[in-house]
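Protein chains: 2
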Amino acid sequence: MLSNAQVKFITSLQVKKYRELHSRFIAEGSKLVLDFLGSAYHVDTIYAIPEWMRENQTLLATLQPNLQEVTPSELSRITGLATSSPVLAIVKIPDISDNTVNVNKGLTLVLDDIRDPGNLGTIIRIADWFGIRRIICSETTVDLYNPKVVQGTMGSIARVSVKYLPLVSFLSSIPADLPVYGTFLKGENIYKCNLQPDAIVIIGNESYGISDDVALFVTQRIFIPGNHTLDPSSSSAESLNAAVATAIVCSEFRRNLLSPPTGRLTNM
Amino acid sequence: MLSNAQVKFITSLQVKKYRELHSRFIAEGSKLVLDFLGSAYHVDTIYAIPEWMRENQTLLATLQPNLQEVTPSELSRITGLATSSPVLAIVKIPDISDNTVNVNKGLTLVLDDIRDPGNLGTIIRIADWFGIRRIICSETTVDLYNPKVVQGTMGSIARVSVKYLPLVSFLSSIPADLPVYGTFLKGENIYKCNLQPDAIVIIGNESYGISDDVALFVTQRIFIPGNHTLDPSSSSAESLNAAVATAIVCSEFRRNLLSPPTGRLTNM
Chain A
7 MLSNAQVKFI
17 TSLQVKKYRE
27 LHSRFIAEGS
37 KLVLDFLGSA
47 YHVDTIYAIP
57 EWMRENQTLL
67 ATLQPNLQEV
77 TPSELSRITG
87 LATSSPVLAI
97 VKIPDISDNT
107 VNVNKGLTLV
117 LDDIRDPGNL
127 GTIIRIADWF
137 GIRRIICSET
147 TVDLYNPKVV
157 QGTMGSIARV
167 SVKYLPLVSF
177 LSSIPADLPV
187 YGTFLKGENI
197 YKCNLQPDAI
207 VIIGNESYGI
217 SDDVALFVTQ
227 RIFIPGNHTL
237 DPSSSSAESL
247 NAAVATAIVC
257 SEFRRNLLSP
267 PTGRLTNM
Chain B
7 MLSNAQVKFI
17 TSLQVKKYRE
27 LHSRFIAEGS
37 KLVLDFLGSA
47 YHVDTIYAIP
57 EWMRENQTLL
67 ATLQPNLQEV
77 TPSELSRITG
87 LATSSPVLAI
97 VKIPDISDNT
107 VNVNKGLTLV
117 LDDIRDPGNL
127 GTIIRIADWF
137 GIRRIICSET
147 TVDLYNPKVV
157 QGTMGSIARV
167 SVKYLPLVSF
177 LSSIPADLPV
187 YGTFLKGENI
197 YKCNLQPDAI
207 VIIGNESYGI
217 SDDVALFVTQ
227 RIFIPGNHTL
237 DPSSSSAESL
247 NAAVATAIVC
257 SEFRRNLLSP
267 PTGRLTNM
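Sequence order for the protein chains is A and B.
Residues in the first sequence are numbered from 7 upward in steps of one, following this note's numbering.
Residues in the second sequence are numbered from 7 upward in steps of one, following this note's numbering.
These are calculated hints, taken from the structure and not from any lab test.
Quick caveat: nothing in here was measured; it's all calculated off a predicted structure.
From the three backbone atoms N, C-alpha and C, an ideal C-beta is built for every residue, glycine too.
Careful, some of the hints might be misleading.
As the list claims (entries may be wrong) - Which stretches of chain B does chain A cover? Using the computed rule of at least three CB atoms under 8 angstroms from a CB of chain A, they are:
{"id": "1", "region": "119 to 131"}
{"id": "2", "region": "135 to 148"}
{"id": "3", "region": "153 to 165"}
{"id": "4", "region": "230 to 243"}
{"id": "5", "region": "246 to 257"}
Construct the entire structure; sequences and hints are all you get.
Structure follows, in structure tokens:
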């Protein structure tokens, strides 16, 4: 049975201040909890209904996490979801004291002030799909351990390294010859760019795009041509959602690796 | 001043049953309301704070919609958003009795049971960006006039035709030589496909993909290669979000139009 103190502690983790205070965050849902159990993250305690415990008894017997059996109505007191799932885990926030980032090989995504938790979660899932293992977030980007971010990653959070750094000093520290692509509403047509596989890609804020001080580091402005590019007299959406733009950009890098344009060599 | 009956009526439109009963839906936020005012949709009544009325007085004097001035606290009683915006409009659901769809020219998106309102809204916004003017939804797809769909389209709903049809009979009625692409987790690598510009593209349900009876109409299965395609020993996300997959597929059709691969002709 859950004590009131436990309920208070768990629900407090919906708020960033308490996640930082306790170095813990919440993961809900069977797939997500199993992904964390199989990752480098330390799962502190699992609250689950008896059916979930039985279904996963072999794994639980091997890993021996802290378990507490709860009823569905107890879960509904601690869930952050509209409909509670059969399991909720408290996971330890890893202690990342090492802020060095090796950007030499492959793509590094840089997020300049992404505010929507759904967008950050989706971007992490996209990165994972395309094998992008590094994301650097501005310190104003929504917290990685916000429950909506964690849920939105669908488990990809366990496979992608996400660090929060002051972007200007981070971008000042990268090799001078590394291409830095930035997505803008005007720039070079992404379908015609010779995208380098070892590079930085900067994605801007949902409303304001890439901030001026970060834009100074961009060596190539790219854009995704909308319908008005084909037909300037037509009206169309003013912009794409930040996660959608990220998906299209990552896809373009990926297609270049898999199907390099004729006559062009890639170094992978 | 809003009457209790008005509040009850407006908030009832959060629910599909009452939207259908009254043939009305809700749009909130200045940009969205202005997009509807400038579209073929009939805006029934606008509830706004005095500042919004003043800012848009020229347009309102021209269009003369029904206006009712409200206070921010009244708006907070009728909003469906976490934070109410300065304006909320009641819009008439257009009477679409014509179920014919001309699929001969350009792309037609077919959504097989998209359930998440955020996904449908984002897909409509993507279609608008890429100049795709027709979306056919299965009758099990989330309601177009769900407030979260309307908000998610960011105004694109006013520019894209969305119809709900039984997919099997719709797909039975299309020309036999029209390519029907379907997104699957296995199929032909989308980056290597010779995508035809006049075609149907089917996007499946978030969890279950394209249903079996609809899949029978697919003439080419396509997939977006994930990291495991480059490196089979790696783990990566199991799937992409449905809206993200739609974005990448639409982008591939668009790049083929703008930069047709050498030696290949397009008919646009």
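query: Which numbered hints are broken by the structure, listed smallest first?
result: none
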